[in-house]
Structures are given as C-alpha cells and as structure tokens.
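Number of protein chains: 4
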Amino acid sequence: MYKLPDLCAVTSFKTIGILTCGGDAPGMNAAIRALVRTALNQQMKVYGIERGFTGLMNADMRRLSSPSVSNIIQRGGTILKSNRCEAFKTAEGRRQATAVLRESGIQALICIGGDGTLTGAHLLALESGIPVIGLPCTIDNDIYGSDDSIGFDTAVNTALGAIDRIRDTALSHERLFLVEVMGRNSGLIATQVGIACGAEMILIPEYPIVLESISNTLASNRKAGRGSSGIIILAEGTEPGLTARLAEQLQQHGEEPRICILGHIQRGGSPTGHDRVLASCMGATAISYLLAGYTDVMVGTLGRELIPAPLGDIIGQRKHDPRLYEMVMMLHK
Amino acid sequence: MYKLPDLCAVTSFKTIGILTCGGDAPGMNAAIRALVRTALNQQMKVYGIERGFTGLMNADMRRLSSPSVSNIIQRGGTILKSNRCEAFKTAEGRRQATAVLRESGIQALICIGGDGTLTGAHLLALESGIPVIGLPCTIDNDIYGSDDSIGFDTAVNTALGAIDRIRDTALSHERLFLVEVMGRNSGLIATQVGIACGAEMILIPEYPIVLESISNTLASNRKAGRGSSGIIILAEGTEPGLTARLAEQLQQHGEEPRICILGHIQRGGSPTGHDRVLASCMGATAISYLLAGYTDVMVGTLGRELIPAPLGDIIGQRKHDPRLYEMVMMLHK
Amino acid sequence: MYKLPDLCAVTSFKTIGILTCGGDAPGMNAAIRALVRTALNQQMKVYGIERGFTGLMNADMRRLSSPSVSNIIQRGGTILKSNRCEAFKTAEGRRQATAVLRESGIQALICIGGDGTLTGAHLLALESGIPVIGLPCTIDNDIYGSDDSIGFDTAVNTALGAIDRIRDTALSHERLFLVEVMGRNSGLIATQVGIACGAEMILIPEYPIVLESISNTLASNRKAGRGSSGIIILAEGTEPGLTARLAEQLQQHGEEPRICILGHIQRGGSPTGHDRVLASCMGATAISYLLAGYTDVMVGTLGRELIPAPLGDIIGQRKHDPRLYEMVMMLHK
Amino acid sequence: MYKLPDLCAVTSFKTIGILTCGGDAPGMNAAIRALVRTALNQQMKVYGIERGFTGLMNADMRRLSSPSVSNIIQRGGTILKSNRCEAFKTAEGRRQATAVLRESGIQALICIGGDGTLTGAHLLALESGIPVIGLPCTIDNDIYGSDDSIGFDTAVNTALGAIDRIRDTALSHERLFLVEVMGRNSGLIATQVGIACGAEMILIPEYPIVLESISNTLASNRKAGRGSSGIIILAEGTEPGLTARLAEQLQQHGEEPRICILGHIQRGGSPTGHDRVLASCMGATAISYLLAGYTDVMVGTLGRELIPAPLGDIIGQRKHDPRLYEMVMMLHK
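Protein chains in written order, with full-length UniProt numbering: chain A, 1 to 333; chain B, 1 to 333; chain C, 1 to 333; chain D, 1 to 333.
Calculated directly from the structure, the hints in this document are not laboratory data. Everything numeric in this text was worked out from a predicted model, so none of it was measured. It cannot be assumed that every hint is accurate.
A pair counts as met if it fits within one copy or between any two copies, since identical chains are not told apart.
Derived pair list, reagent style SDA-like, types lysine to any residue, alpha-carbon separation capped at 20 Å [to be verified]: (1) K319 <-> L4; (2) K223 <-> S70; (3) K14 <-> E86; (4) K319 <-> L211; (5) K3 <-> S65; (6) K3 <-> R184; (7) K223 <-> K319; (8) K3 <-> P257; (9) K14 <-> G293; (10) K223 <-> Q43; (11) K223 <-> L40; (12) K3 <-> H320; (13) K45 <-> S215; (14) K319 <-> Y47; (15) K3 <-> K319; (16) K3 <-> T119; (17) K14 <-> T98; (18) K223 <-> Y2; (19) K3 <-> G105.
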C-alpha cells in the first residue's frame with residue numbers, strides 16, 4: 001500500500017489531457033480511470049487523447065466522463081489506444097502538438113508509458129512550458145528513478161502461468177526448455193520469473209552468456225541427480241535470434257533443448273491486484289503533483305513511497321540492480 | 001456426461017499394466033487415476049510403466065496403489081512420464097516388450113496416447129496375443145474413430161487464454177497478429193480457437209493458403225470499418241517456418257503483421273472439467289472393455305456415447321470434418 | 001464442433017429483436033454477437049432489447065451494428081443486461097410487449113435465457129403470432145430438450161478452479177470440506193464438478209441425502225487409509241440452509257466439516273472455448289431457423305447435432321439423466 | 001526484488017528442523033524449498049516436521065533432500081501439513097517439544113506461519129535456548145514488524161479473480177453485491193481488493209460501520225448516475241454473521257443486496273510471482289540469520305529490505321496502517 005501525498009494545491013487547472021503511448025501494458029486503463037476520477041473530483045475537464053503522441057499532433061481526442069471509465073480497471077490494453085510516433089521525436093512535431101494543446105485549452109498533460117514516452121513528455125514540457133507529468137508504465141520495469149512500473153507484476157505472473165504449463169511437459173518428457181521472456185535491455189522480468197518458476201538458470205542482458213558455463217552447470221545438475229528436465233529462462237536481449245542460436249550451440253554440446261518464445265502474450269491480460277493498486281495510486285498522485293505545481297516529473301516509487309522524479313534526470317539512464325546478479329549467481333550454484 | 005457401459009465380465013485379470021506414450025496431454029493423470037481405481041476395485045494389481053514403450057522394453061515399472069494416484073486428477077503432464085520410442089517400431093522391440101510383460105505377469109496393457117502410441121498398441125496386441133486397450137489422448141484431437149480426445153478441450157482453452165491477451169495489444173495498437181497454434185495435420189485446434197476468439201481468419205492444413213484471398217479479405221474488412229486490428233489463427237502445419245513465411249508475404253502486400261507462436265504452453269496445465277470427466281469415463285470404460293473380453297480396441301466417443309473402436313481400423317486414417325470447412329468459410333465472409 | 005443447418009430460406013425478415021433474460025450466464029455475449037453478425041449478413045436490421053422482457057414492455061432498445069458486438073465474445077455477463085420480469089408472466093404484460101414489437105416494426109424475436117425466459121418466449125409466440133426462437137442459456141443446464149446449454153461448461157470450470165484451491169487447504173489441514181455449488185433442481189453441475197475434482201462424495205437434489213450413509217462412507221474411507229481430508233460436493237437444492245444443516249448433523253456424527261458456498265462467482269467470467277463455440281453455433285442456427293419458417297422452437301443440442309426443439313414440449317419438463325446416478329454411485333463405492 | 005543479507009557466518013549447524021503451522025497460505029512450499037536448498041548448500045541436514053507444533057511434540061518428521069522439494073514452488077498448501085496445536089500453548093507442551101528437538105539432534109528450528117505460530121516460536125526460543133527463526137506467512141498480512149507476508153499477494157489476486165466474475169453479474173442485473181473477504185482483525189485484504197476491483201465501498205474492522213453513511217453513499221452514487229450496480233467489499237471481522245446482518249439492515253433501507261462470502265478459496269492456489277520470490281528470499285535469509293547467530297527473530301520486510309524483527313517485539317502487536325483510512329475515505333467520496 002502506497003502513501004498518497006497530502007493534497008497541497010498551489011495552482012488549478014480547468015482542463016487536462018491524458019494519453020498512453022508506446023507498448024501497451026496491463027494497468028494502463030486502471031491509471032486512466034484514477035486520473036479521470038481524481039481530476040473530475042477537482043472540477044477539471046478531462047480529454048482523452050487517442051493513439052499517444054500521434055493523436056495529440058492530430059487533435060484526436062474526446063471528453064472523458066466518470067462513467068466512460070467505469071468497468072475498465074480490470075481490462076488489459078488501453079481504451080485510449082497507443083502507438084509509437086516518429087514525428088513527435090522532431091521539434092516540429094512537438095510544436096504541432098503544443099499548438100493543438102493551446103487551441104484545445106488543455107492546460108496540462110499526463111503521459112502514460114515507457115522510456116520513449118517519458119522522453120517525449122520531457123521535451124514537450126521543456127519546449128512548450130505546459131505542465132507535463134509522466135507515469136511509468138512498461139512491463140519491462142526498466143525506468144530509472146522508479147523501483148516499480150505499472151504492468152511489470154502482471155507480465156511476470158503471465159509468463160509464470162505459461163512456464164508452469166511448460167514445466168509439466170519438461171517433467172513428463174525429462175526435457176530441457178529454453179524459455180524466452182521479454183526484456184531487451186533489462187533482465188528484470190527474466191530474473192523475477194526465473195526465481196519464481198524455480199528455473200535451473202537465468203540468462204540476462206546485464207551479464208554475458210558463457211556457453212561453457214551453461215553446459216557445465218547442466219552437466220553437474222544431472223550428476224547431482226536432478227534429472228534431465230529443466231527450464232532455462234532467457235531475456236530476449238537486443239540481438240534478434242539469440243534464443244535459437246543458443247539452442248543450436250547447446251545442441252552441439254550434446255543437449256536437446258526445446259524452445260519457447262512467450263512473446264506478446266506477456267503484454268496483455270487483466271492486471272494483477274498489485275498493478276491495479278499501483279496504477280490507481282500513481283494516477284491519483286499525478287493529479288496531486290499537478291496541483292502542487294510540479295511539471296516535468298514522473299510519479300515514481302522508492303520502496304513503498306511515491307516520489308516525484310524529474311524527467312530530465314531519468315531518461316536515457318540505465319537502471320541497474322546489482323541484487324539481480326546476486327540472485328542469479330545464487331541460482332547458478 | 002458419457003454413458004458408461006454396463007459391466008459384463010467374461011474374463012478376469014490378476015495384473016495389468018498402464019503406460020503413457022508420445023506427446024503429453026492434460027488429462028493423462030486423470031486417466032491413470034481412473035484406470036488404477038477401477039482396476040483395484042476389480043481386485044487387480046496395477047503396474048505403472050515409466051516412459052511409455054521405452055520403459056516397457058526395459059521393465060521400468062512400479063506398483064500403483066490407490067493413494068499413489070490421489071491428488072493427481074488436476075495435474076498436467078503424466079506421473080508415469082512419457083517419451084517417443086523408436087525401438088518399439090521394430091518387431092524386435094515389441095518382442096522384447098512382450099517378454100517383459102510375460103515375465104512380470106502383466107496380463108493386459110492399457111496404452112494412453114496419440115496416433116503413434118495406438119499404432120504401437122495395435123501391433124503389440126496382434127503380435128503378442130496379450131489384451132491391449134488404447135485411450136485417445138492428444139491435444140490435436142486427430143484420432144480417427146473418436147470424436148473427442150483427452151487434452152483437446154484444455155489445449156483449446158489454454159490457447160484462447162493466451163489469445164485473449166494478445167487481443168488486448170492488437171486492439172490497443174490496431175495491429176494484425178498471426179497466431180500459430182498446434183496442429184500438424186489437423187486444423188481442429190485452430191478452428192475451435194479461431195471461432196472462439198472471434199478471429200478474422202483461420203488457416204488450416206486441410207485447405208490451401210491463398211495469399212491473394214487473405215490480402216483481399218483483410219482489405220475488405222478494413223473498408224467495412226472493422227479497423228486494422230485483427231487476429232489470424234494459423235495451424236502449425238507440416239512445413240517448418242510457415243508462419244514466418246506468411247508474415248513476410250503479407251508484408252509485401254502492405255500488411256504489418258506481428259507473429260506469436262504459442263508452442264508448448266498448449267500441452268501443459270491443469271485439465272479442464274471436460275477433459276477430467278472424459279478421462280475418468282474413458283479410464284473406467286477401458287477396464288470394462290478388458291473384462292468384457294475386448295482387445296486391440298480404443299475407447300472412443302461418438303457424440304455422447306463411449307464406443308469400442310478397433311485399433312486396426314483407425315490407425316493411419318485421416319480424420320476429416322467437413323464442418324470445419326463450413327465454419328471457416330462462414331468466417332471468411 | 002456442431003453441424004450448422006443448411007440455410008434454406010422460405011421467408012425473410014427486415015427487422016428482428018434480441019433479448020437476454022433471467023440469470024446471466026457466460027456466453028450470452030457470444031450468442032448476441034453471432035445473432036447480430038448472422039442477421040446483418042442476411043440484410044436484417046437488429047434491435048437489442050435491454051433488461052429482458054422488462055425492456056421489451058418498455059420499448060427500451062437500441063440498434064445493434066457489427067462493431068457494437070466487437071470484442072465481446074470473451075466477456076461474461078450480457079451487454080443487453082438482464083433481469084426477472086413478473087409483469088411478463090401476465091397476459092396483459094405480454095399484450096403490451098406485442099404492441100411494442102408491432103410499433104417498432106420488429107418481425108421476429110430471439111430470447112436467450114433459461115426455463116423462465118423460454119416459457120415467456122413460448123407464450124409470446126402463441127399469443128402474438130410473431131415468430132420467436134429461444135436459445136438455452138443457463139449455467140444449470142437444466143433445460144429439457146437440449147443436452148447442453150450455454151454457460152454450463154464455464155460454470156463447471158469456474159467451480160473447479162475454486163475447489164482446486166480448497167483442496168490445497170483440505171490436504172494441508174487434513175480436513176473435510178462441504179462445498180456447495182449451484183443447482184436448485186438439478187445435480188448436473190455438482191456431478192460434473194464432483195467427478196472432475198475427485199470428490200469423496202456428491203449430493204444432488206435428484207436423490208435423498210441419507211446421513212448414515214455419508215457418515216459410514218467417510219468412516220470407511222478413513223479406514224481404507226485415505227486420510228481425513230476430503231471434499232463433498234453438494235448442489236444447493238431448493239431448501240435454503242441445506243449445507244449448514246448438513247454440516248451440523250455431520251458434526252454430531254463426529255466429523256468436523258468446513259463449509260464453502262461458491263455462490264455467484266459461478267455465474268460470471270470469460271466463457272470457455274466450448275461455450276463460445278456453442279453460443280456462436282446456436283446464434284447462427286437461430287437465424288437459419290427463422291428463415292426456414294420456424295417459430296416457437298428452441299435451438300437445442302442432441303449429441304453433436306443442433307436440433308429445433310418445440311418450446312411447448314420442453315417448458316416445465318424436468319430433465320433427468322440416469323447416468324448421473326450411475327456416476328455418483330460409482331463414486332460412493 | 002529484495003536485497004539478501006551478506007552471508008556472515010559466526011556459528012554453524014549440523015541439523016535443523018522446519019515446520020509450517022496455523023492456517024495454510026500460498027507460498028509455504030516455496031519457503032520450504034528455499035530453506036531446504038539453502039541449508040543443504042551449507043552442508044546442514046534438514047528435517048521436515050509434520051503438522052506444525054503437533055508433529056514437533058510427537059517427533060513426527062522426515063529427512064528432506066533436494067529432490068524432495070523439487071516442483072513444489074508453484075503448489076498451494078504445504079507439503080509438511082499444518083494444524084493448530086492447543087497443547088503447545090502450555091509450558092508442558094513446549095518442554096515436550098524441546099525434548100524431541102534435543103533427542104533428534106535438531107539444533108535450530110524455522111517456524112513458518114502467522115501470529116499464533118510466531119508466538120509459539122518465541123516462547124520455545126526463550127524456554128529451550130534453541131535458536132528459532134520465524135517467517136511471516138499468512139494471507140491476512142497482519143504481522144506487526146513486516147510490511148509484507150507470504151500469501152497476502154496471492155489471496156488478494158484470488159479474491160479479485162472471483163470478484164471480477166461477480167462484477168459481470170452485478171452489471172448485467174444492475175445489482176448491489178456485498179462481498180466478504182478474509183480478515184478478522186485486519187482490513188488489509190479488503191482494502192487492497194476493494195481498490196483493485198473498483199469497489200463502491202470498503203468496510204473494514206479498523207473503522208466502525210455506520211449504516212446511515214452507507215445508505216447515503218449508495219443513494220448519492222445513484223443520483224450521480226452511477227447506476228444501481230455495485231460492489232461493497234467487507235472484511236469478515238470478528239463477529240460471525242456480520243455480512244448477513246448488514247445485508248438485512250440495508251434491505252430495510254430499501255437496498256436489495258446479494259451476498260457472496262469468498263471463504264476458503266482465498267487460502268489455496270498456486271502462489272503469485274511476488275509470493276514465490278518473497279518466500280524464496282525470506283527462506284534464504286532465514287538460514288543467513290541462523291548462521292549469523294540470530295535467534296528469536298522473524299525475517300520481516302521494510303519497504304524493499306529484509307530485516308530481522310525480534311519476535312518478542314512483534315507478537316500480540318496490532319499492525320495499523322493509517323494509509324488504509326485515507327484510501328478508504330477517498331473511495332467513499
């Protein structure tokens with residue numbers, strides 16, 4: 001349970017906008033609902049902007065009422081739709097967006113998304129002078145400045161549900177499975193999932209993959225009487241085809257791994273209780289921050305506290321958790 | 001609810017063996033439990049043979065008591081383990097198995113599995129003279145001679161759970177997804193899943209894939225205002241890489257499909273109510289058939305009836321359901 | 001997979017209405033979707049009538065387009081809402097409904113629901129002369145004239161998911177649980193669930209509960225070394241408080257049962273693949289029946305076939321499956 | 001992800017014992033697995049004591065190997081079984097237990113459970129002088145001295161899954177539901193669940209229930225156009241029959257609430273990722289604490305840190321989170 005900030009209004013807003021951008025994550029709808037309900041309580045008008053920054057540039061928006069966000073807290077995806085917008089990466093694109101905001105009378109903007117979205121939010125805040133608040137919402141949980149992000153807990157549990165099924169086959173056939181979970185730059189999903197499913201091994205982008213070490217571990221596990229079934233969890237990483245290549249190499253070392261790439265199923269689905277509560281608290285807090293005069297910040301978490309994290313400080317930073325290494329190493333033993 | 005046959009014992013058995021072979025399927029454990037409990041009720045001894053025909057050839061078996069099958073009805077996989085056995089495809093291999101059965105005093109054998117397993121069961125019955133009964137247990141439901149097979153309903157629901165998640169992303173991003181489900185020779189999973197998830201299109205091995213027709217359907221759906229999101233369900237088929245190739249071809253026609261290959265998650269997991277009841281009824285019926293003097297038959301279903309299907313008549317036959325075509329065509333309209 | 005009837009149109013309809021009535025069941029939305037899409041394909045206009053017969057009497061309806069039923073196939077509940085309507089049980093109420101249908105230009109009506117709904121549908125068909133088709137949609141599966149009903153398979157699986165959890169506690173604490181599932185007049189849910197969860201005993205309204213027999217079975221199970229944990233599945237029956245009373249009586253016989261009443265969680269949730277396919281096939285078939293000139297019939301199933309069942313023959317009839325008894329008895333042994 | 005303590009061994013143990021006691025909670029098996037594997041890594045022998053303190057008094061125990069805890073991380077319940085033990089509340093009972101520990105050569109004991117278990121652990125540590133470490137494991141999360149407890153996250157998600165289903169019916173029938181979740185002294189489950197399911201209201205033992213205020217809120221919600229459907233979440237509290245009584249009272253105020261008591265389904269089931277990781281980290285940490293010379297402490301969490309909490313300081317204390325009140329009040333607005 002997070003502590004919500006005391007409401008300390010130094011300013012007021014008549015109209016605000018909300019958008020979701022980048023890859024969708026479970027909990028986006030819960031965040032939208034909390035933002036809308038809290039803002040309406042403060043007598044603001046709320047516009048939902050469709051398809052992220054693309055919709056912002058095209059003034060593609062609609063008024064959101066309290067009933068319009070009823071019965072969405074449990075839904076995956078985003079009712080505002082989302083996409084990735086190249087044009088917004090240019091100053092020209094952001095000027096166009098600024099013009100739309102001014103013409104529509106939108107006095108502040110809440111941006112829900114991952115690293116790319118928060119970068120756009122930061123530049124827009126700087127260049128337009130319009131107050132902008134970000135919410136970290138990505139299944140990868142790779143946003144620097146926040147321990148947690150909306151969607152991560154759900155993605156971990158979704159992956160786990162799939163892997164518990166794979167384990168049935170691994171045990172029945174005494175087989176080795178390479179399971180690829182999401183995570184380009186970050187091994188957070190892989191590590192959490194790997195510990196929680198009792199994986200034999202976890203391979204993450206933060207540490208190099210040493211083929212000999214994998215083969216040796218597998219061989220010594222077998223010697224220790226652990227049988228030949230097993231699950232290796234692998235983060236997707238930045239090189240395409242990593243999992244297939246590793247499977248081939250292991251085959252040359254005498255293993256017969258099967259591959260399973262979990263892919264997009266990790267993005268969707270009904271958010272967990274944790275993610276719904278996190279999204280609800282972050283949404284309510286974003287409105288508090290606006291009223292307290294903040295701009296160009298993200299609502300982050302530090303332990304069990306919600307904190308304002310300046311967007312300029314966090315974008316482009318790599319989040320690194322040395323605890324990951326400890327955990328992974330302990331498992332390799 | 002299936003009608004169980006009246007018990008009409010013309011013979012008796014002191015000791016029987018049970019094995020699971022080939023790809024695992026949810027419900028194998030429920031079948032084992034029903035077989036063991038029913039056989040024990042008839043004062044038989046029951047041996048569980050490990051790793052399918054491989055274990056049979058190696059006399060790898062253990063006595064099964066009533067408590068040994070407690071609390072397994074809800075478990076995926078098979079407590080008897082399974083694998084594919086090349087040696088059993090030879091007459092020499094089957095002679096070795098026959099010798100093991102005779103030495104162990106096993107007077108009848110129940111084989112749980114798919115097409116390969118039932119073929120082995122048939123040949124063993126013919127060559128050894130020992131009574132053998134088969135249970136159709138494969139997620140593909142491609143066994144001729146039985147409407148239903150243990151594991152199919154669970155696999156459909158598992159795939160559906162994954163696709164419901166993918167739909168969240170498809171809708172949020174207005175994207176097209178190609179989702180590959182299991183089914184080498186049979187489009188049964190794909191069709192059932194495709195109808196149940198409201199897919200835009202279903203592509204199955206029974207009918208040729210015509211690229212132009214797919215492109216045209218997608219284009220006309222878009223014109224009809226259905227938006228650009230969508231799910232195409234594709235059975236894996238016999239050519240490896242089919243899904244990736246189709247995605248490329250669609251890309252050349254201006255589509256931007258994302259791929260999701262569900263893979264092994266469809267094999268595992270707790271069986272559905274339907275599969276647990278089916279496996280329980282089939283298990284009980286197999287013992288009835290044995291006592292009634294049957295051999296070389298499979299317990300099949302025809303509508304809501306359980307029927308004995310001679311193994312010699314069903315192996316190597318292709319199951320073909322013209323209703324599939326109707327359904328798929330109706331969806332294409 | 002059901003065989004859809006060949007379309008053989010002898011008549012045509014410009015405008016039809018659809019309503020859901022009585023207790024909600026998973027799959028109602030899938031049925032609505034199939035009805036709407038099939039009717040639109042036949043160039044009909046479709047009105048969705050809100051809140052069942054109540055909304056019909058009050059002309060509470062809206063036009064349904066193809067997009068209005070997008071993305072609902074997987075949703076529990078009913079987008080048309082539902083309730084129980086006392087006024088419609090009177091001829092006066094049905095006269096008012098008939099007037100609404102005529103004024104709105106609705107030439108045929110599809111009613112989705114259970115026994116009460118189908119009774120209302122029958123009387124309306126008789127008295128108004130307007131073609132009416134019924135779809136059996138109730139988790140209890142107690143509609144005479146159809147083997148299956150929309151929602152039953154989902155309710156069984158939902159109950160099972162809950163009971164698998166209770167089993168964890170039953171085993172950990174070696175306790176006896178009395179679990180009450182839905183079913184006033186019918187033990188179908190209880191029997192299916194009881195077999196699928198491996199219950200020690202199943203108590204259903206079709207057969208009297210004999211306390212001594214329960215106590216003796218529990219005692220002899222314990223003697224047979226099955227431990228003191230166990231699950232007894234009980235259908236709710238018609239007397240309120242049955243489960244609590246039974247628990248008390250068992251306590252007087254030295255047992256310490258815990259009670260769990262599953263209640264309303266069995267009504268909701270995303271429908272299973274089976275129920276989605278069943279609802280889709282029944283919906284498409286209802287439109288075929290209309291066009292073929294049928295009225296006052298329900299779309300029923302007999303084995304794997306869809307059949308028209310005259311409403312006059314089925315309402316008020318008690319469905320009785322002697323197979324239940326066999327199954328339950330087998331378990332008691 | 002929690003930070004594990006650096007291993008700083010000041011002492012060593014040849015043999016330790018592990019037990020689970022009190023109400024079972026998801027994650028107990030994950031904790032057992034982590035304890036066993038970590039202890040074996042430190043060359044200890046490990047005994048699993050059956051049925052909590054009862055088994056301890058009766059020397060009911062077995063040696064645990066690494067394979068004996070394979071494939072249990074995802075299982076609900078406890079492989080060591082559990083119960084509540086009155087005899088251990090007496091000094092005589094604890095003397096008997098001490099004698100068993102000494103005779104069996106068990107040099108330290110890990111106790112997994114809730115408030116009662118930790119109280120027993122504390123008294124045993126004091127009176128016997130044998131090192132004892134506790135792990136907080138209860139779905140209620142009401143252990144003072146730890147933000148989190150093993151099983152809480154799973155119970156919240158299980159309740160949520162059930163309530164999402166009830167919401168389908170609430171919306172379809174525009175009905176009010178009173179849903180009772182677990183929590184005798186603590187509203188933590190109710191509050192987390194209530195926020196996450198978007199409940200209209202949350203009633204918890206920490207604050208008095210004022211009937212007028214409930215009626216007024218419901219009436220004003222209806223006026224505000226929120227419709228008449230709704231979910232009120234209620235913690236079970238200490239008075240039996242609270243929910244039924246409240247329903248009656250609301251009926252006298254013109255409401256027609258339906259009741260749903262979730263009960264024991266909240267205890268079981270496969271633990272969430274969060275609970276599996278928490279249990280794994282706490283298990284590994286308990287062994288570190290033992291080796292570092294701690295006794296009479298519990299492994300607690302403070303934010304994202306694992307901390308040793310002296311058992312004497314925490315037992316009998318009431319955990320109170322004023323944030324609950326804020327959250328609940330915000331919802332009442």
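How the hints compare with the structure:
In the homo-oligomer, the alpha carbons of K319 and L4 lie at most 20 Å apart only across protomers (19 Å), although the nearest pairing inside one protomer, at 25 Å, exceeds that limit. Proximity of K223 to S70 under the C-alpha cut-off of 20 Å is restricted to the inter-copy arrangement: shortest distance 16 Å between copies versus 57 Å within a copy. For the identical chains of this complex, K14 and E86 are neighbours neither inside a copy (30 Å) nor across copies (48 Å), given an alpha-carbon limit of 20 Å. Within a single copy, K319 and L211 get their C-alpha atoms no closer than 26 Å, and across copies no closer than 45 Å, so neither meets the 20 Å cut-off.
For the identical chains of this complex, K3 and S65 are neighbours neither inside a copy (27 Å) nor across copies (43 Å), given an alpha-carbon limit of 20 Å. Taking CA atoms no more than 20 Å apart as the test, K3 paired with R184 passes in neither setting, with 32 Å inside one copy and 24 Å between copies. For the homomeric pair K223 and K319, neither the shortest alpha-carbon distance inside one copy (37 Å) nor that between copies (45 Å) is at most 20 Å. Taking the shortest alpha-carbon separations for K3 and P257, neither the intra-copy value of 46 Å nor the inter-copy value of 32 Å comes in at or below 20 Å.
With identical chains, the CA atoms of K14 and G293 are at most 20 Å apart within one copy only, with a shortest distance of 14 Å there and 59 Å across copies. When the C-alpha separation of K223 and Q43 is checked against a cutoff of 20 Å, the pair qualifies only between copies, where the shortest distance is 18 Å, while the shortest distance within a copy is 68 Å. In this homomeric assembly, K223 and L40 come within 20 Å of each other (Cα to Cα) only across copies, at 16 Å, whereas the closest approach inside a single copy is 64 Å. In this assembly of identical chains, the alpha carbons of K3 and H320 lie at most 20 Å apart only when taken from different copies (13 Å versus 25 Å within one copy).
Taking the closest pair of Cα atoms, K45 and S215 never come within 20 Å of each other, the shortest separation being 60 Å inside a single copy and 29 Å across copies. Neither within a single protomer nor between protomers do K319 and Y47 lie at most 20 Å apart by alpha-carbon distance, with minima of 32 Å and 41 Å respectively. Taking CA atoms no more than 20 Å apart as the test, K3 paired with K319 passes between copies only; the shortest distance there is 16 Å, against 24 Å inside one copy. Proximity of K3 and T119 under a CA criterion of 20 Å is satisfied in neither setting, with 27 Å inside one chain copy and 30 Å between copies.
With identical chains, the CA atoms of K14 and T98 are at most 20 Å apart within one copy only, with a shortest distance of 17 Å there and 50 Å across copies. Proximity of K223 to Y2 under the C-alpha cut-off of 20 Å is found in neither arrangement, the shortest distances being 47 Å within a copy and 31 Å between copies. For the homomeric pair K3 and G105, neither the shortest alpha-carbon distance inside one copy (32 Å) nor that between copies (47 Å) is at most 20 Å.
When held up to the earlier numbered hints, the structure conflicts with 3, 4, 5, 6, 7, 8, 13, 14, 16, 18, 19 and fits the remainder.
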